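**Q** Now for the letters of each chain:
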Amino acid sequence: MIMKLLATDFLKIKRKGLWFLTILGPLGVVLLQWVNYELVPGRREWLLQRSDDDWLFYLQNVNSFTPLALVLGITILTSLAASIENETNAWKQLIALPISKMGVFLSKFTVLAFLLAIASVLLFFFTWLLGIYLDLGAVIPYAQIATFSFYPYFASLPLLALHLWVATVSNNQGIPISLGVIGFLFTSYSFKLPDWLPWKWPSLQNQWDEPLVNVVLGICVGIILYIIGMLDFARRDVK
Amino acid sequence: MISLLQSEWFKLRKSKFVFTAILLGPLITFFYALMLQPDTFGLEKRFLWEFLIAFTTLLYALRFLPLTTGILAGLICRYEHQNGGWKQLLALPVTRSRVFLAKYTILMLITLTMQLLYLLAIWTSGVLKGAEEPFPMMLLWKSIFGGWIATLPLLALQLWMSMLFKSFAAPFAVNVVFTLPAILAVNSEKFGPLYPWAQPFLMMYVSGDAENDIFFVPWEQVLTVVGGSFLIFFFGGLLYFRRKENI
Chain A
1 MIMKLLATDF LKIKRKGLWF LTILGPLGVV LLQWVNYELV PGRREWLLQR
51 SDDDWLFYLQ NVNSFTPLAL VLGITILTSL AASIENETNA WKQLIALPIS
101 KMGVFLSKFT VLAFLLAIAS VLLFFFTWLL GIYLDLGAVI PYAQIATFSF
151 YPYFASLPLL ALHLWVATVS NNQGIPISLG VIGFLFTSYS FKLPDWLPWK
201 WPSLQNQWDE PLVNVVLGIC VGIILYIIGM LDFARRDVK
Chain B
1001 MISLLQSEWF KLRKSKFVFT AILLGPLITF FYALMLQPDT FGLEKRFLWE
1051 FLIAFTTLLY ALRFLPLTTG ILAGLICRYE HQNGGWKQLL ALPVTRSRVF
1101 LAKYTILMLI TLTMQLLYLL AIWTSGVLKG AEEPFPMMLL WKSIFGGWIA
1151 TLPLLALQLW MSMLFKSFAA PFAVNVVFTL PAILAVNSEK FGPLYPWAQP
1201 FLMMYVSGDA ENDIFFVPWE QVLTVVGGSF LIFFFGGLLY FRRKENI
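Line by line, the protein sequences are chains A and B. The end of the first sequence is residue 239 by our numbering, with every number in the run present. The end of the second sequence is residue 1247 by our numbering, with every number in the run present.
Same shape as in the complex, but just chain A:
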């Protein structure tokens, strides 16, 4: 059953801009660094002087925008996905089918998690390509590029679960979008946040200076929030 649900959900997100945003997110994050390094003459040299490890410095620059794009991207994708049913009052018709509500929620979550995974893979390739173009050194740190591309994805799974929950149960989509703006502000100031706030995790910072902690936390708390969201979604009456 879940495969059929997934197939319909992939069909439903066609031509709604979700795929476009999935590509635009990582592309935009990397393009901003292209602008940062290349647009003003002399800026590249100045940036390269600022560190001994040009690749790492470049990856940190990319990663200053990755969490922001992720938080806002999750906000937009979840709200768009919920809008498909919200706008046409299709929740009733969908739920009237002989399928479980939990399956509906799982299917939406899986589709969005898949889109974000694609975005992370694209981020890896775009980061790698721009790094080569900027000529940052012959030794390419593939492991570090992978860390900065995929760790934020796992660390932001709690936000995906939270936003999917809020977006699917809100009649007014202004509510999840405003939550996204608050989350964006939190993430912008992640260096000031306590370690237990999920909005800090995509930035990969913590007091132990160990990004893997954020990945583990992201997956665990993501699962918990997902279950809470799914149970609440299943319990609610459809308007």
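Keep in mind the hints are simulated off the structure, nothing from the lab. Heads up, a few of these hints could be off.
Cβ-to-Cβ under 8 Å is the rule here; a few derived chain A residues that face chain B [said to hold, decoys possible]:
{"no.": "1", "residue": "Val35"}
{"no.": "2", "residue": "Leu68"}
{"no.": "3", "residue": "Gly174"}
Using C-beta positions, here's what the derived DEER-type ranges look like [claimed, not checked]:
{"no.": "4", "chain 1": "B", "residue 1": "Val1206", "chain 2": "A", "residue 2": "Val238", "range": "47 to 53 Å"}
{"no.": "5", "chain 1": "B", "residue 1": "Gln1006", "chain 2": "A", "residue 2": "Thr8", "range": "42 to 48 Å"}
{"no.": "6", "chain 1": "B", "residue 1": "Ala1091", "chain 2": "A", "residue 2": "Trp19", "range": "52 to 58 Å"}
{"no.": "7", "chain 1": "A", "residue 1": "Lys14", "chain 2": "B", "residue 2": "Glu1245", "range": "18 to 24 Å"}
{"no.": "8", "chain 1": "A", "residue 1": "Val169", "chain 2": "B", "residue 2": "Glu1245", "range": "48 to 54 Å"}
{"no.": "9", "chain 1": "A", "residue 1": "Arg44", "chain 2": "B", "residue 2": "Phe1047", "range": "33 to 39 Å"}
{"no.": "10", "chain 1": "A", "residue 1": "Glu87", "chain 2": "B", "residue 2": "Thr1105", "range": "24 to 30 Å"}
{"no.": "11", "chain 1": "B", "residue 1": "Asn1187", "chain 2": "A", "residue 2": "Trp208", "range": "46 to 52 Å"}
{"no.": "12", "chain 1": "A", "residue 1": "Pro41", "chain 2": "B", "residue 2": "Gly1227", "range": "52 to 58 Å"}
EDC-like cross-link-like pairs, simulated, lysine to aspartate or glutamate; straight-line CA separation at most 16 Å [to be verified]:
{"no.": "13", "chain 1": "B", "residue 1": "Lys1087", "chain 2": "B", "residue 2": "Glu1245"}
{"no.": "14", "chain 1": "A", "residue 1": "Lys92", "chain 2": "A", "residue 2": "Asp237"}
{"no.": "15", "chain 1": "A", "residue 1": "Lys16", "chain 2": "A", "residue 2": "Glu87"}
{"no.": "16", "chain 1": "A", "residue 1": "Lys12", "chain 2": "A", "residue 2": "Glu85"}
{"no.": "17", "chain 1": "B", "residue 1": "Lys1142", "chain 2": "B", "residue 2": "Asp1213"}
{"no.": "18", "chain 1": "B", "residue 1": "Lys1166", "chain 2": "A", "residue 2": "Glu87"}
{"no.": "19", "chain 1": "B", "residue 1": "Lys1166", "chain 2": "B", "residue 2": "Glu1245"}
{"no.": "20", "chain 1": "B", "residue 1": "Lys1166", "chain 2": "A", "residue 2": "Glu85"}
{"no.": "21", "chain 1": "B", "residue 1": "Lys1190", "chain 2": "A", "residue 2": "Glu38"}
Remember, predicted model here, so these are calculated numbers, not experimental data. We put the CB at the ideal spot given by N, CA and C, even for glycine.
Mind docking chain B on chain A? Use the hints.
**A** Using the frame of chain A, we list chain B on its own:
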């Protein structure tokens, strides 16, 4: 026209959520200002106001204000996007230009209210932190008024986008795509002044270098970048709405 404004405000007021959206930015600014520790940055209490204004502008004007224009514009079109509301509204003896103008006026007034609440947030947090210097009223009026002028083009574009897209998130995505680069653009002396989404920050950030007694940026920048983008976005939206086919 007055009754149109009243009905727009009534529709907005009924959703209740608009009050949260208005209070959100000033409240976050207030708590952020309370949390700031002047001494860790080596600043004396004497410069508390300047310090508070500089740091909260980075949060409020650079990040919050441009994004909120998207939320407000989405909210003001939300009622009509549901269940064929556009058809019903435009079946009334009102012209489309007036409907557009009424919605835009409400957005302008809400943003002005938000700016004044921001002023109140700065003042309250400063007093609570025990500021010794008098409140720099003149500086802040320039900042509040300048920031408001700078959001007018963004409001116009977001109103246009909110009328164009049925979903709430799509116009907000447009907003995000243009707002994120502003964080980078304000660092550039060359591109920052030309980028419309950086203007709320540039016009709210207290600086003394501009030879201008009303704003913190040169007149040419206000007229060309803010004024120019306003004309494009406002008349673009208005022309679009006049020709829009309602379904």
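**Q** Take the hints in turn and mark each one as holding or not.
**A** We went through each hint and held it up to the structure:
For A/Val35, the interface hint holds, the least distance from its beta-carbon to any beta-carbon of chain B being 7 Å, beneath 8 Å. Contact between A/Leu68 and chain B, as hinted, is supported at the beta carbon level, the nearest pair being about 6 Å apart and thus within 8 Å. Nearest Cβ of chain B to the Cβ of A/Gly174: about 5 Å, under the 8 Å cut. The hint holds. For the hinted restraint 47 to 53 Å between B/Val1206 and A/Val238, the CB-CB distance of approximately 51 Å keeps it satisfied.
Between B/Gln1006 and A/Thr8, the C-beta spacing of about 44 Å keeps the proposed range 42 to 48 Å intact. At about 37 Å, the CB distance of B/Ala1091 to A/Trp19 disagrees with the hint of 52 to 58 Å. Roughly 23 Å separates the CB atoms of A/Lys14 and B/Glu1245, a value that falls within the hinted 18 to 24 Å. Checking the proposed 48 to 54 Å range against A/Val169 and B/Glu1245 shows it is violated: the Cβ atoms sit about 33 Å from each other.
Separation of A/Arg44 from B/Phe1047 is about 36 Å and conforms to the stated range, judged on CB atoms against 33 to 39 Å. At roughly 27 Å, the beta carbons of A/Glu87 and B/Thr1105 sit within the given window of 24 to 30 Å. Checked against the given bound of 46 to 52 Å, the beta carbons of B/Asn1187 and A/Trp208, roughly 31 Å apart, lie outside it. Take A/Pro41 and B/Gly1227: their Cβ atoms lie about 30 Å apart, and the range 52 to 58 Å is violated.
A hinted pair counts as satisfied when its Cα atoms are at most 16 Å apart, and B/Lys1087 with B/Glu1245 qualifies at roughly 9 Å. Restraint check: the Cα-Cα separation between A/Lys92 and A/Asp237 comes to about 10 Å, which is no more than 16 Å; the hinted pair holds. Between the alpha carbons of A/Lys16 and A/Glu87 the distance comes to roughly 13 Å, so the proposed pair stays at or under 16 Å and holds. Of the pairs offered as hints, the one joining A/Lys12 and A/Glu85 holds, with about 10 Å between alpha carbons and a cut-off of 16 Å not exceeded.
Of the pairs offered as hints, the one joining B/Lys1142 and B/Asp1213 holds, with about 9 Å between alpha carbons and a cut-off of 16 Å not exceeded. Only pairs whose Cα atoms come within 16 Å are accepted, and B/Lys1166 paired with A/Glu87 is accepted, the gap being roughly 8 Å. A distance of roughly 13 Å separates the Cα atoms of B/Lys1166 and B/Glu1245; the hinted pair therefore holds under the 16 Å criterion. In summary, the hint linking B/Lys1166 to A/Glu85 is supported, as the alpha carbons are separated by about 12 Å, within the 16 Å threshold.
For the given pair, B/Lys1190 sits about 14 Å from A/Glu38 by alpha-carbon distance, which is consistent with the 16 Å threshold.
Against the hints set out earlier in the document, violations occur for numbers 6, 8, 11, 12.
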